[in-house]
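Colleague: Throw the hints in and build the complete structure from the sequences for me.
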Amino acid sequence: MVLVGGLSQDFTAGESQIEVQADNVRRLIEALDRRFPGLGAELEAKMAVAIDGEIYQDPYLEPIDADSEVFFLPKIGGG
Amino acid sequence: MATEVKELKWIGKRPIRPDGVDKVTGRAKFGADLTLPGMLVGKVLRSPHAHARIKSIDTTKARALAGVKAVVTSADLPELASEWVPAGELQINFRDLSSNILARQKVFYDGHAVAAVAATSAALAKQALALIEVDYEVLPHVIDVVAAMQPEAPLLHDDLFTEGVTPTPETPSNIAKRVEFARGDLEAGFAQADAVVERDYTTKPVHQGYIEPHAVVASTSEDGQSEVWCSTQGQFSVRFYIAKLLSMEISQIRVTPSEIGGGFGGKTTVYLEPLAVLLSRQTGRPVKMVMTRAEVFRATGPTSGAALSVKIGATKDGTVTAAEATLRYQAGAFPGSPVQPGAMCAFAPYAFETFKVVGYDVVVNRPKVAAYRAPGSPIAAFGVESALDELAKRLEIDPLALREKNAAREGTHAAYGPRYGPIGFVETLQAVREHPHYQAPLGPNQGRGIASGFWFNIGGESCAMLNVAEDGTVVVVSGNPDIGGSRASLAMMAAEVLGIDFERVRIIVGDTSTIGYTFLTGGSRVTFATGMAVVQAAEDVVRQLRERAAKVWEISADAVIWEDGQAHPAGANAGEFEPLSLRDIAAEAGKTGGPICGNASLNAQGAGPGFGTHICDVEVDKETGRVTILRYTAVQDAGRAVHPSYVEGQLQGGAAQGIGWALNEEYVYDEDGRLQNPGFLDYRVPVASDLPMIEAVIVEVPNPNHPYGVRGVGEVPIVPPMAAVANAIENAIGVRMCDLPMSPPRLLAAIDNGG
Amino acid sequence: MAKYHVSTSINDEAVEFLCEPQQTLLDVLRDELQLFGSKEGCSSGDCGACSVMLDGRLVCACLVLGVEAEGRAVETIEGMAKGDQLHPLQQSFLEEAALQCGVCTPGILIAAKALLERNPNPTETEVRYWLAGNLCRCTGYDKIVRSVLAVAEEMRGG
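Chains as they are written, first to last, in my numbering: chain A, -8 to 70; chain B, 478 to 1232; chain C, 28 to 185.
Source of the hints: derived by calculation from the structure; they are not laboratory data. There may be inaccurate statements among the hints.
Mimicking DMTMM-like on lysine to aspartate or glutamate, the simulated pairs with C-alpha atoms at most 25 Å apart in a straight line are [claimed, not checked]:
| id | chain 1 | residue 1 | chain 2 | residue 2 |
| --- | --- | --- | --- | --- |
| 1 | B | Lys721 | A | Glu33 |
| 2 | B | Lys583 | B | Asp1147 |
| 3 | B | Lys1028 | B | Glu1065 |
| 4 | B | Lys654 | A | Asp49 |
| 5 | B | Lys833 | A | Glu21 |
| 6 | B | Lys870 | B | Glu904 |
| 7 | B | Lys506 | C | Asp54 |
| 8 | B | Lys833 | B | Asp1216 |
| 9 | B | Lys603 | C | Glu59 |
| 10 | B | Lys721 | B | Glu699 |
| 11 | B | Lys833 | A | Glu10 |
| 12 | C | Lys109 | B | Glu980 |
| 13 | C | Lys109 | B | Asp1216 |
| 14 | B | Lys788 | B | Glu675 |
| 15 | B | Lys833 | A | Asp43 |
| 16 | B | Lys506 | B | Glu704 |
| 17 | B | Lys721 | B | Asp677 |
Modeller: Encoded structure:
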């Protein structure tokens, strides 16, 4: 089970928690894009991913366990 | 990558920084310190209007002046599409960036660049500027963020439609974007509260205030190759931005970062650099451009001013049941205020179950904001940490206890989403409680305030290279301009891994052609991310050293260990050999396979978030409204302080900037939207006599994702001071200040109004 | 524009230069003599990054005209170390980490040296007010003030 939050609600019609089957970030984004067309590009361009609390700024091949908690959040810069 | 528990030789020590002698003798070369033969001087013509349409620009007379070699306007820049392009970890709209470095149809702020000239002397360049004729149609302007949000406000961009609302509005507005972070049932949360504090706050835009103005020298050859020397936080960003703005190939551009005289986020973008390249391309000569201080204030990024509303409710025992914040941030002339990170940081230190933060990114007729230390976070924290203090008073709870009760810990779902790993927020609160400052007696009209702050910290892409010289000394090449002593911390990590003396490691900051892509110095990432790259490059060297020793001893590399800077046989089975030092192996490197060079390139993940808590004592002169900072203590979790002196320096410097933000610093505009105080006399940054000693207390809760436990430290220290000062003032004289700066006239007015 | 010929002494060396009448001493040091140690932070005497000594008096080089150096003695950061011996203030700034970016450092060192020459035993408050004309945006002044006080004590033979 994958719990997803922080998605752009423009694409998800207000859904903020979604279960998806995917074993890495690339597959997860593909799965989300199939369900919400256009979301994939948005996520890849603007969002970082937190997998079980660990933030990845340029996520791609990071593995996701069946019971992982995945959260999308805006990329962070700094001063 | 668990931290190995073993005696460390260098981490935590305080050696003299490798670049130190050059900086105390005047040798260090900053942005304006380079001269090339045949060099021209470039100057920029700036708008005197806050908002105007450019009807025409006539450069004929300027071009005719003897000694003027080139005049450029936006017509000389390629047209770019409006799109947000990932640049490292940032999103840049290059159409806007292009319009910011040279205005296109309209000027959007006093100081907006309109044209640039290159001439044989500064005096001639200034004369040429005066000869450029610009026909403006002055338009109504808007400076204030709340005014800019009103439907009848003067519109800056007629193609700006608010992002983040569904459906997208059909009429343009100054609100570029709406963001929201929320969890739980807000109404039910506030219904459970025994006390609710609701307040509006305002903060002024403040400038990063680096002492070195922006400066660049560019030289472009006839085949289009450009060499750029400039003061920047990121030579690779400058290279990429120039390439995009001038439609050049990245490999045509070589950017060498000078020593940088302060940045604080403000030198993460470009202003002069593309213009200098353009002028040098047109003239075939090197062009030097240096901003005046007035140009720095009028045309380079401050951080946002803001209007915010905060509402927090809690039960009698201090448990916060609901929290709400609305943040309205000025972006300046183009979209892109730090309201999104501000919204994410607002409640980040706390384990609130129910909250809602809404943020608005609003364009106004001011310079486009640039990053400034923990972008967005200090503004939100001023409101939240002030409101929490008032809430503690209502509930008659110690403000420290209120924060402890609600503090985020390992496993807490951060307000911005994910769960925290090991974090040190509670440890900073504990350190405050145990510090003698927290209990020290106070006199009349004196008060003490505390406040906390948060920043994510980032990792990202970095390269590092270690070259072993023939005598066994080592040169490290990093790709990050060193603002606050990072060459020291990086060299210390290299010495630690190699097991050699710090003095035998030298380090340079490479240009874009000598080291691989490294994301800019910012986000408190260098000691963490580039530090990790240096450690890996040093480990690469150690692996090679073991192989070389193995060749000499004619045994397997697996049977060689590296300890205390020497190769040893792994055990009795490996054979009996005298240890080989780095020096020994380096001397024979040619015979065992050639030079020894270690490399690493990585995208560092897992930067540990940073938390800090500050204690501030003030005395208020009720006759004049003047606030004196009597004592100040800044506590922060550094994960692991590699060079504690420079960690302390970050805490002290950030606190001082926050105190300036709290008490003095503001932009003053006249009715026509012209900046009235573009100089250090009237834009008052703290001077030595404004401040007491600032005690830095380092708490160490190691970041498990870094080999030595490092967390970034540069950003957090500027987050707590504004609220810490405001809370102290209230405790001194019972007046709650909600508007920054808390300058003498404003405080006096508040005292006269009975608070 | 006609240039003026100026004879002066810089860091105990006789120096001659040509300058235009509107050029400041800072312009001359940097642009004509290639002495880049004095920094330009504001050109209005507010930041102190260009602090130099003129006949033993602390001045902002951006507020002095180049021609005013005629017949006088100028001391800059480039003359602060003697041979390979750093001045005790320079050494202390290194040891105490009293600089970060380092762009204000030359001016602060010149100003601090001037203070200790006239007041070998300053209080913390005296150091803070003396250095109030030298802006530092990185350090919060803490380590700078500590360093100056420590050197004062050391030079008194403490």
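Colleague: Next step is simple, just say for each hint if it's right about the structure.
Modeller: Each hint, compared with the structure:
A C-alpha spacing of about 22 Å is found between Lys721(B) and Glu33(A), which places the hinted pair at or below 25 Å, so the restraint holds. A hinted pair counts as satisfied when its Cα atoms are at most 25 Å apart, and Lys583(B) with Asp1147(B) qualifies at roughly 20 Å. For the hint linking Lys1028(B) to Glu1065(B), the alpha-carbon distance of about 11 Å falls within 25 Å, and the restraint holds. Among the hinted pairs, Lys654(B) with Asp49(A) is consistent with the structure: their alpha-carbon atoms are about 23 Å apart, no more than 25 Å.
The straight-line distance between the Cα atoms of Lys833(B) and Glu21(A) is roughly 30 Å, outside the 25 Å bound, and the hint therefore fails. Of the supplied pair hints, the one linking Lys870(B) and Glu904(B) holds, its CA atoms being roughly 23 Å apart against a limit of 25 Å. Distance hint between Lys506(B) and Asp54(C) is fulfilled; the C-alpha atoms sit about 16 Å from each other, no more than 25 Å. The straight-line distance between the Cα atoms of Lys833(B) and Asp1216(B) is roughly 23 Å, inside the 25 Å bound, and the hint therefore holds.
Straight-line distance between C-alpha atoms of Lys603(B) and Glu59(C) comes to about 19 Å, which keeps the hinted pair within the 25 Å bound. With a C-alpha separation of about 20 Å, the suggested pairing of Lys721(B) with Glu699(B) holds against the 25 Å cut-off. Between the alpha carbons of Lys833(B) and Glu10(A) the distance comes to roughly 24 Å, so the proposed pair stays at or under 25 Å and holds. A distance of roughly 23 Å separates the Cα atoms of Lys109(C) and Glu980(B); the hinted pair therefore holds under the 25 Å criterion.
Our distance criterion of 25 Å between C-alpha atoms is broken by Lys109(C) and Asp1216(B), whose separation comes to about 51 Å. This hinted pair checks out: Lys788(B) and Glu675(B) have alpha carbons roughly 4 Å apart, not beyond 25 Å. A threshold of 25 Å between alpha carbons decides the hint, and for Lys833(B) with Asp43(A) the separation of about 23 Å falls inside it, so the pair holds. With a CA separation close to 16 Å, the supplied pair Lys506(B) and Glu704(B) stays within the 25 Å bound.
The straight-line distance between the Cα atoms of Lys721(B) and Asp677(B) is roughly 41 Å, outside the 25 Å bound, and the hint therefore fails.
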